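With the hints as constraints, model all of the structure from the sequences given.
Number of protein chains: 4
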Amino acid sequence: MLTNIKSFFEKQDRFARLLGFEIVEMREGYARIRAQTKEDYLNGADVLHGGFLFALADYAFAVASNAANNLSLAIQANILYHKAVSGGTLYAVAHEIKDGKTIAAYEVKIYDDSDNHLATFTGTVYRKGIKVVQ
Amino acid sequence: MLTNIKSFFEKQDRFARLLGFEIVEMREGYARIRAQTKEDYLNGADVLHGGFLFALADYAFAVASNAANNLSLAIQANILYHKAVSGGTLYAVAHEIKDGKTIAAYEVKIYDDSDNHLATFTGTVYRKGIKVVQ
Amino acid sequence: MLTNIKSFFEKQDRFARLLGFEIVEMREGYARIRAQTKEDYLNGADVLHGGFLFALADYAFAVASNAANNLSLAIQANILYHKAVSGGTLYAVAHEIKDGKTIAAYEVKIYDDSDNHLATFTGTVYRKGIKVVQ
Amino acid sequence: MLTNIKSFFEKQDRFARLLGFEIVEMREGYARIRAQTKEDYLNGADVLHGGFLFALADYAFAVASNAANNLSLAIQANILYHKAVSGGTLYAVAHEIKDGKTIAAYEVKIYDDSDNHLATFTGTVYRKGIKVVQ
Chain A
1 MLTNIKSFFE KQDRFARLLG FEIVEMREGY ARIRAQTKED YLNGADVLHG GFLFALADYA
61 FAVASNAANN LSLAIQANIL YHKAVSGGTL YAVAHEIKDG KTIAAYEVKI YDDSDNHLAT
121 FTGTVYRKGI KVVQ
Chain B
1 MLTNIKSFFE KQDRFARLLG FEIVEMREGY ARIRAQTKED YLNGADVLHG GFLFALADYA
61 FAVASNAANN LSLAIQANIL YHKAVSGGTL YAVAHEIKDG KTIAAYEVKI YDDSDNHLAT
121 FTGTVYRKGI KVVQ
Chain C
1 MLTNIKSFFE KQDRFARLLG FEIVEMREGY ARIRAQTKED YLNGADVLHG GFLFALADYA
61 FAVASNAANN LSLAIQANIL YHKAVSGGTL YAVAHEIKDG KTIAAYEVKI YDDSDNHLAT
121 FTGTVYRKGI KVVQ
Chain D
1 MLTNIKSFFE KQDRFARLLG FEIVEMREGY ARIRAQTKED YLNGADVLHG GFLFALADYA
61 FAVASNAANN LSLAIQANIL YHKAVSGGTL YAVAHEIKDG KTIAAYEVKI YDDSDNHLAT
121 FTGTVYRKGI KVVQ
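Order-wise, the sequence lines are chains A, B, C and D.
FYI, the working numbering numbers position 62 of the first sequence as 62, with every residue one higher than the one before it.
FYI, the working numbering numbers position 63 of the second sequence as 63, with every residue one higher than the one before it.
FYI, the working numbering numbers position 87 of the third sequence as 87, with every residue one higher than the one before it.
FYI, the working numbering numbers position 127 of the fourth sequence as 127, with every residue one higher than the one before it.
Hints may be right or wrong, so weigh each one.
Same chains, same label: a pair holds when it works inside one copy or across any pair of copies.
[To be verified] Straight line, CA to CA, 30 angstroms or less: simulated BS3-like cross-link-like pairs of lysine-lysine:
#	residue 1	residue 2
1	Lys11	Lys131
2	Lys11	Lys128
3	Lys83	Lys128
4	Lys98	Lys38
5	Lys11	Lys98
6	Lys101	Lys83
7	Lys128	Lys6
8	Lys98	Lys109
9	Lys38	Lys109
10	Lys38	Lys131
11	Lys131	Lys83
12	Lys131	Lys6
Just so you know, these hints were derived from the structure itself, not from any lab.
This one's a predicted model, so the numbers in the text were calculated from it and none came from an experiment.
Right, dumping it as structure tokens:
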């Protein structure tokens with residue numbers, strides 16, 4: 001089942017594909033995502049765009065929250081930026097803070113390949129009670 | 001000066017260029033951004049990716065907060081998702097909630113071309129006290 | 001009905017009573033709350049405690065979100081502090097950003113009696129689908 | 001020095017005293033706070049008020065962020081509510097996510113005395129560069 005959900009995300013999440021996000025590891029309530037950065041992802045200050053970092057965290061959040069095959073849609077998210085970087089490989093690690101029948105919460109941390117902690121994200125989903133994949 | 005800052009964002013913010021974000025209007029503490037959506041911006045649920053919506057709001061936030069030519073870097077942001085859509089032209093409208101010498105806050109609302117309110121974003125910047133453009 | 005909900009909050013919300021919060025005006029999706037501040041509400045820096053400001057905003061949020069007599073419980077909230085003050089009469093004004101069957105969002109602004117904007121709060125509720133008052 | 005800062009908070013934070021918050025443990029970037037709840041802290045739904053939970057987390061955040069004797073003022077905070085309870089002894093545990101010369105971030109978790117995780121809070125401070133106590 002987890003394999004099917006992984007394939008589903010890899011094929012169907014077109015924004016994640018556009019940005020080259022890869023699922024390194026996933027299980028119920030957990031995901032680790034890798035991103036190879038490109039010059040295209042920089043902002044005017046020559047650092048990775050806050051929107052890029054958020055998108056990476058958001059994808060980890062989506063994978064972790066949907067891994068139990070209960071369709072979960074984001075209600076809200078919050079991101080704290082700690083350190084700006086200009087390139088390299090990034091990792092986003094999502095874990096479940098609180099599971100629930102209809103509402104669940106997750107935390108995601110973003111690191112670079114020197115293990116610098118770049119950003120902290122928290123997000124809330126609404127569980128629809130329908131399957132992600134059959 | 002505003003023209004120079006607009007040009008700076010248009011040339012230097014590569015992530016905004018990648019995603020096709022256009023500055024429709026900007027002045028100190030205000031920005032309106034337009035995005036033509038593509039299938040590439042969809043998630044697995046066939047709606048525009050939360051990361052895409054955030055990136056759009058974040059760009060409006062960056063443009064509005066830097067329009068006074070005082071380099072302003074995001075500390076944090078929060079997004080509330082109200083309605084999911086699958087395509088069309090979107091607009092992000094940013095305005096200043098509170099100006100300040102070192103800390104300032106902004107609100108951004110995202111709308112589709114039927115004026116549906118899709119998301120509400122708030123964000124905080126740290127003002128560096130240096131110019132964006134000479 | 002609105003009168004009953006108002007009475008319900010005035011009698012049953014013991015924390016709001018402890019802190020002297022008064023409902024000045026309320027209707028579906030809207031509330032205006034007044035607070036007379038006291039020295040007891042100050043923090044170590046001799047300004048009103050962030051927790052006090054949040055509690056005031058949170059009460060406005062609760063009143064506005066429950067005014068339609070559909071029990072609504074807070075899922076999350078975010079507060080941005082703009083200006084610190086040490087006393088006087090404060091007002092929190094809540095309005096609905098987005099209504100929804102199960103999820104709804106609100107914004108609350110806090111002002112002092114000179115109309116200084118002290119804080120901006122956003123919050124999300126889960127609607128239980130049961131009545132607040134019979 | 002830590003003893004002086006602890007005494008400072010115990011004497012000067014009048015809102016924390018009003019609500020009976022006690023510093024159980026503190027060191028640079030860390031604080032654990034205890035609260036004995038009372039009926040006065042309940043809301044209309046007969047559970048502890050969201051504003052009370054926030055105030056508790058906010059106090060842990062203030063103690064942890066000021067423990068290095070560099071006056072640190074809250075810029076913003078976000079709270080996710082996981083579980084509602086009606087009484088007992090609560091604990092708020094704050095730790096530093098990211099230190100910085102002018103901006104720093106903290107996470108606070110609230111637990112009840114059965115170790116149920118009630119809420120997750122994140123917050124950002126601005127460091128003033130002046131001492132809390134001489």
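Here's how the hints hold up against the structure:
In the homo-oligomer, the alpha carbons of Lys11 and Lys131 lie at most 30 angstroms apart inside one protomer (17 angstroms), although the nearest pairing across protomers, at 43 angstroms, exceeds that limit. Taking identical chains as interchangeable, the C-alpha atoms of Lys11 and Lys128 lie at most 30 angstroms apart only when both belong to the same chain, with a minimum of 21 angstroms there against 36 angstroms between chains. Proximity of Lys83 and Lys128 under a CA criterion of 30 angstroms is satisfied inter-copy only: 15 angstroms between copies versus 35 angstroms inside one chain copy. Taking the closest pair of Cα atoms, Lys98 and Lys38 come within 30 angstroms of each other only across two copies (26 angstroms); inside a single copy the shortest separation is 34 angstroms, beyond that limit.
For the homomeric pair Lys11 and Lys98, the shortest alpha-carbon distance inside one copy (28 angstroms) is at most 30 angstroms, but the shortest distance between copies (32 angstroms) is not. In the homo-oligomer, the alpha carbons of Lys101 and Lys83 lie at most 30 angstroms apart only across protomers (12 angstroms), although the nearest pairing inside one protomer, at 35 angstroms, exceeds that limit. In this assembly of identical chains, the alpha carbons of Lys128 and Lys6 lie at most 30 angstroms apart only when taken from the same copy (19 angstroms versus 33 angstroms across copies). Taking CA atoms no more than 30 angstroms apart as the test, Lys98 paired with Lys109 passes in both settings, with 16 angstroms inside one copy and 12 angstroms between copies.
Taking the closest pair of Cα atoms, Lys38 and Lys109 come within 30 angstroms of each other both inside a single copy (20 angstroms) and across two copies (28 angstroms). In this homomeric assembly, Lys38 and Lys131 come within 30 angstroms of each other (Cα to Cα) only across copies, at 26 angstroms, whereas the closest approach inside a single copy is 35 angstroms. Proximity of Lys131 and Lys83 under a CA criterion of 30 angstroms is satisfied inter-copy only: 21 angstroms between copies versus 37 angstroms inside one chain copy. Proximity of Lys131 to Lys6 under the C-alpha cut-off of 30 angstroms is restricted to the intra-copy arrangement: shortest distance 14 angstroms within a copy versus 41 angstroms between copies.
Checked against the numbered hints given earlier, this structure breaks none of them.
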